[in-house]
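Each chain is listed here by its residues.
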Amino acid sequence: MTAVTCIELCKTYRQGDQEIKALDHASIDIGEGGFVCLSAPSGGGKTTLLNAIGGLDIPDSGEVWIAGKRIDNLGKGELANLRLHKIGYVFQAYNLVPVLSARENVEFVMQVQGVPAGQRAEKSMAILKEVGLQGLEDRRPAEMSGGQQQRVAVARAIVSRPALVLADEPTANLDSKTSDALMELFVQLNKTHGTTFVIATHDQRVMGYAKRLIKMLDGRIVDDIDQQAA
Amino acid sequence: MYMLRIMSTLAWRNLWRNHRRTIIMISAITIGVWAMIFMTALMRGMVNEMVRDGIRALPGHVQIHGRGFLDDPGINNLLPMKDEDVTASFDAAGFDAWAGRIRVPAVVTSERDSRGITLYGIDPVRERDITFVAGDIVEGRFLEDADDSGVVIGRKLADNLETELGKRIVIMSQDPDNEIADRGFRIVGIFEARLEAYETSMLFAGKSAIQKMLNVPDRINEVVVLGDDYRNVDPVVRKVTDLVGPGVEVLPWYEVDSYLGTMMTVMDGFVLVWMIVVFLALSFGLVNTLVMAVFERVREIGLMMALGMRPTSILLQIVIESLLLLLLGLLIGNVLAGATVYWLRDGIDISVVAAGMEMFGASSLLYPQLTAHDVVLANVVVLILGSIASLSPAWRASRYDPIEAITKV
Ligand SMILES: Nc1ncnc2c1ncn2[C@@H]1O[C@H](COP(=O)(O)OP(=O)(O)O)[C@@H](O)[C@H]1O
Ligand SMILES: [Mg+2]
Chain A
1 MTAVTCIELC KTYRQGDQEI KALDHASIDI GEGGFVCLSA PSGGGKTTLL
51 NAIGGLDIPD SGEVWIAGKR IDNLGKGELA NLRLHKIGYV FQAYNLVPVL
101 SARENVEFVM QVQGVPAGQR AEKSMAILKE VGLQGLEDRR PAEMSGGQQQ
151 RVAVARAIVS RPALVLADEP TANLDSKTSD ALMELFVQLN KTHGTTFVIA
201 THDQRVMGYA KRLIKMLDGR IVDDIDQQAA
Chain B
1001 MYMLRIMSTL AWRNLWRNHR RTIIMISAIT IGVWAMIFMT ALMRGMVNEM
1051 VRDGIRALPG HVQIHGRGFL DDPGINNLLP MKDEDVTASF DAAGFDAWAG
1101 RIRVPAVVTS ERDSRGITLY GIDPVRERDI TFVAGDIVEG RFLEDADDSG
1151 VVIGRKLADN LETELGKRIV IMSQDPDNEI ADRGFRIVGI FEARLEAYET
1201 SMLFAGKSAI QKMLNVPDRI NEVVVLGDDY RNVDPVVRKV TDLVGPGVEV
1251 LPWYEVDSYL GTMMTVMDGF VLVWMIVVFL ALSFGLVNTL VMAVFERVRE
1301 IGLMMALGMR PTSILLQIVI ESLLLLLLGL LIGNVLAGAT VYWLRDGIDI
1351 SVVAAGMEMF GASSLLYPQL TAHDVVLANV VVLILGSIAS LSPAWRASRY
1401 DPIEAITKV
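The listed protein sequences derive, respectively, from chains A and B.
If you're matching positions, the first sequence starts at 1 in the working numbering and goes up one per residue.
If you're matching positions, the second sequence starts at 1001 in the working numbering and goes up one per residue.
The shape of chain A in the complex, shown without the other chains:
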């Protein structure tokens, strides 16, 4: 079974009298346990595609299937459930709730899921340690650097071990050392748990970790490279 299937996705934005094709008949197929990088210059449609895959945005046409289930025709409530239980997100721009500490942000999704407090604490402490934020658990986002905030977001995305993780430029605010550490963590999770990763990026280092590299331009898929063979 494939983890993600997109068939002929189109999405057009209108700005004034100009039409912008954010997705232009984009089709992809990602198998379970895939580790895929979406690479495109800024404005290439990465975020739009991730939002469509993640059930945040409905494409104008085409189909989206997640784990064998078609999702582009689901209602709002079902989509919310899907996002809550099946997918981990690292968003491009805004990730953390300002009034919650690092640990509370990491626990947020689990709390909404209804995971008991003891279990939540254990998992969140472990994952924060894994992303190198030990000792910063009680800091609010405003008391952390951009890179630290980004790692909290990553920790939240992977803490409940979703089958699919969508990360939109997760290393944008990180130095090369932390970027590497983060990517190694992703690779590790991919190996041990079979978690599928779809990572949008224009960072060459990140692409180096991917098993598969999908290149986009102006909303179209222009290249699909299997990097494992190489």
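Hints were generated in silico from the structure; no laboratory data involved.
Note that this is a predicted model, so its numbers are computed, not measured.
For glycine and all other residues, C-beta sits at the position ideal for the given N, C-alpha and C.
Treat the hints loosely; a few may be bogus.
[What the hints assert, rightly or not] Pair ranges (Cβ atoms, derived):
(1) R1021/B <-> V187/A: 44 to 54 Å
(2) I1024/B <-> V222/A: 31 to 41 Å
(3) R1017/B <-> T192/A: 35 to 45 Å
(4) D224/A <-> I1024/B: 50 to 60 Å
(5) Q119/A <-> I1024/B: 35 to 45 Å
(6) K191/A <-> S1027/B: 24 to 34 Å
(7) R161/A <-> V1335/B: 19 to 29 Å
(8) R1021/B <-> K191/A: 45 to 55 Å
(9) G43/A <-> R1399/B: 54 to 64 Å
(10) D60/A <-> L1336/B: 35 to 45 Å
(11) R161/A <-> A1372/B: 53 to 63 Å
(12) R14/A <-> S1027/B: 43 to 53 Å
Given chain A, work out where chain B with the ligands should sit, using these hints.
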């Protein structure tokens, strides 16, 4: 209820993000609640005084007459039972206080002038606990017993008649056979009342003396009973009705004096209107505060929704935030109002403005009265209407688009 937990945490923390705004809002709610409760207590205190005065001015809590007496009060509408039978049964029933009266329209004549009045033949010993007159004698003495051959009249009436303490007057009325019945009395006491009408229209004499004069020995036409609280007279009405049986009219004070009775009902309506008006003033601030708070949080609310939180949870979160504001305001407001009422428990001197109030029968010392009913009402009004008012900003928040929140850089 994990959801409730996280929603409350978020609501509480968000509340204190903008200290100043929150504190201003809580102060506004506090003042509003204080005004609702304290002003109501003042109004209640005023009405209380009026009703107590009114009741002391004669009605008692429950009255018994022959049927139709209120429409045609006079000597022809006597109670069917004898005075001494009434005494025996009412004494045995153990009321807090009660008294039998004979009450007829009459004309009083001095050497100079004459006036129409209501003549009360009373048992002064029993009336001491019921009417104001015994305590408000300013000259001379109150009647001593039912055989007393003196009368007590109001200061104003004495002035009108150009007579004074110690002088004689003649009272004239009709007996049951429509024959003129008259007799001379000496003025032994002069009373003052808060209402001028009382002073000009009431004249008190011994009950036996009047019975003799009107040629109705051993009969009365009014019995007055006092319970322990004017707000709770229904049990007394029932007890009296059981005691006297059918054939007579048993009326609570608010039917005897319908002006007083109406005032109580109007008061209840007025209290509710007052509370709602204060609340409406508050609600503008409340809704405004919430709209601003929600507007500032477009992104994090969108984020939470993007992560899978349902719109209803967002809505609830904002309503909880509003409830927290309201509860804090209510808590402080209730305490302040209670403290204010306690601080003024010895009464507020309103004699400066009292001159204008006398026509309402209010006294010049005002005792604010806090009732559980009013306090609960104020709290319920604020909580329920407050929740309703917060629904619109909360609804707006729950409609936010998560994409906007997470993609805008
Ligand atoms: N809400 C929107 N309204 C108008 N245009 C949009 C909107 N979102 C995205 N776009 C446009 O769609 C194109 C793709 O954007 P996006 O998917 O964010 O690209 P990327 O993430 O690769 O930078 C861009 O040209 C962008 O300006
Ligand atoms: Mg993007």
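Which earlier hints turn out false for this structure, listed by number in ascending order?
Per hint list: 2, 6, 7, 9, 10 violated.
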